[in-house]
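Protein chains: 2
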Amino acid sequence: MTDPIFSYEHLKSFSLQIFKAIGCSDEHATLATDVLLRADLRGIDSHGLARLSGYVRLWEAGRINTTPNIRIVHETPSTAVVDGDSGLGLVVAPKAMEIAIDKARIAGTGWVAVKNSNHFGIAGYHSMMALQHDMIGMAMTNASPLVAPTFSVERLLGTNPICVAIPAQNQPAFVADFATTTAANGKLEILQRKNKEAPLGWIQKKNGEPSTNAHELKDGGALIPLGSDREHGSHKGYCLGAWVDIFSAVLSGANYGPWVPPFVSFLSPPADPVGNGIGHFLGAMRVDAFRPSDEFKAHMDNWITRFRAAQTIEGEERVLIPGDPERETSAERMKSGIPLNPKVVEDLKHLGNKFSLSF
Amino acid sequence: MTDPIFSYEHLKSFSLQIFKAIGCSDEHATLATDVLLRADLRGIDSHGLARLSGYVRLWEAGRINTTPNIRIVHETPSTAVVDGDSGLGLVVAPKAMEIAIDKARIAGTGWVAVKNSNHFGIAGYHSMMALQHDMIGMAMTNASPLVAPTFSVERLLGTNPICVAIPAQNQPAFVADFATTTAANGKLEILQRKNKEAPLGWIQKKNGEPSTNAHELKDGGALIPLGSDREHGSHKGYCLGAWVDIFSAVLSGANYGPWVPPFVSFLSPPADPVGNGIGHFLGAMRVDAFRPSDEFKAHMDNWITRFRAAQTIEGEERVLIPGDPERETSAERMKSGIPLNPKVVEDLKHLGNKFSLSF
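For the protein sequence lines, the chains are D and C, in the order given.
Just remember that the numbering used here sits 1486 ahead of the position in the first sequence, which is counted from 1.
Just remember that the numbering used here sits 1486 ahead of the position in the second sequence, which is counted from 1.
Simulated from the structure, these hints should not be mistaken for laboratory data.
A pair counts as met if it fits within one copy or between any two copies, since identical chains are not told apart.
With a Cα cut of at most 20 Å, we get these calculated EDC-like pairs of lysine to aspartate or glutamate:
1. Lys-1821 / Asp-1520
2. Lys-1691 / Glu-1802
3. Lys-1673 / Asp-1715
4. Lys-1682 / Glu-1717
5. Lys-1783 / Glu-1561
6. Lys-1581 / Asp-1520
7. Lys-1692 / Glu-1803
8. Lys-1680 / Glu-1717
Here chain D stands alone, though its shape is the one from the complex (with noise of 0.2 Å):
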């Protein structure tokens, strides 16, 4: 069975009066399914339009603020801290990456720690935003803890996502982005869905046993760090996770680690919070801060070029550039309109009618 298909515009249209319905300006509406949208588009589906009632229902929690009034706290030449004020990620952490965007124009580099803040979205979309401006964008974030560092039984981190763009000249731009565990969630939600198991090495059971059961997480297991076991470095994966949780909510003054906030309604954050929401940190640095642009922006093709060339084990097609399989992934979907899981087009009906909307 195929999954049904919608054209980008009838998705838009819809996310943009979902996000106005619940007070967002018209401006922060469009920001939003922005974001949204260029999940869908770059096949990252789980954090697409798949989540557009979890920001509802946050919403209706009154743990999101559709009006929030996002604001500078503390900065320096090259720093700055962001006070969400509980707003959507989705538009938070955009306008937090125009303000390291700024930064960056002036001092060579801009980098801003962003609190009381939701889920993002993907990293993608805000470290992207630096590229037009001949910028290296970087962005990661905390999230509800479901990880458990290396020896662990305990979940204790997110899956705590990093982004890193780098502009190219003519070939297409050096876009990482990815989960600091072996696997991101969203591909244990697609096993859930097909009840297919899971691979070794991907979550472990309650009492710290390697797993295959995709349903783990809901028996009180957790998704391993990067590394898969101590022997081949989940320490490494940790340390990863860490670093990011540290630098989104340590630094800016979020909660982190276990008090981070769980993205669903029906589960409370904890009772005894150690800051505010949750955390981003966004950076941007200027290409010609360093070199000129043309000169590093050659080079950059020079790079990928290469590693494209590379020979390829057999029965493999070719080496990829990170980034290459989302963007392309993107100019299919533009083109052909964006599959949707039965389960999430169903949600989304449930959504529309709410508003007195249809999908």
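Fit chain C to the known structure of chain D by using the hints.
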């Protein structure tokens, strides 16, 4: 058989004399020795005195300049590019890190890309320089190509390590220092010396098939990016290694990817360089460019305490904080001495003879 043990002072004195014998100033010899011995103290034996004769051979081959003119060739308030003038990375990197720290004092953060350098020892040394200034330190470097990107049989990346050092209050600092491969080359060298097999997922054969032969690299095999295989996220390890390569070398104007010159003197650098020497990328962020230092460090203490207290998987002693093992080894070795592999001792004796110095 246990390895012979040497006092820190003995090794320091020997290393100082060697660096002076090849033309380093007192200051540079002291700095290079401090960096090398920090690796031995912290238990990263592959990056300590075991490499001393390697640096000397590079100097003999005319590839290291022991009286370099290390200078800034471009800068903005928060960035600089440093030309290492073919100097020892052990000297160039700490000098560049000082520049990053100076920039951070004024601009909030400082980011220095370095070209025309050599192997810089452990990344941890340089990033930890920031801690005493209540700054977060970052260090990364590219290295000789030994790693095959996902799906590639060609070795296009080095083990390209990243270190992030973050200060705390009463707790020791968070120091995550790791190669972006499943296992560092040093881990493989240990197995080679002991004639043991490597776990599957560390290395691949010349044709890309998985291998457990710790000597595989000599036959054209390659190290594998963190993640071990595509299903377990090796494309993320490849992203990390690529990121380090681009920040270290494409930003600075050093050689990148397969053009990075080899550390061993018996292999010639590529005949068609795309830049100068190898590259590093160093960063410093003033903690109080984001929030008051005391507040930040109190929360870091809370982060560390909570993670250290995590309930462990049965049979595991404790959940580690990044930097714990190295700090504990360092304290132990400072007290009881530093064990050196007999082959390293032999190598150092030969080196001493060359300069009429006794080891």
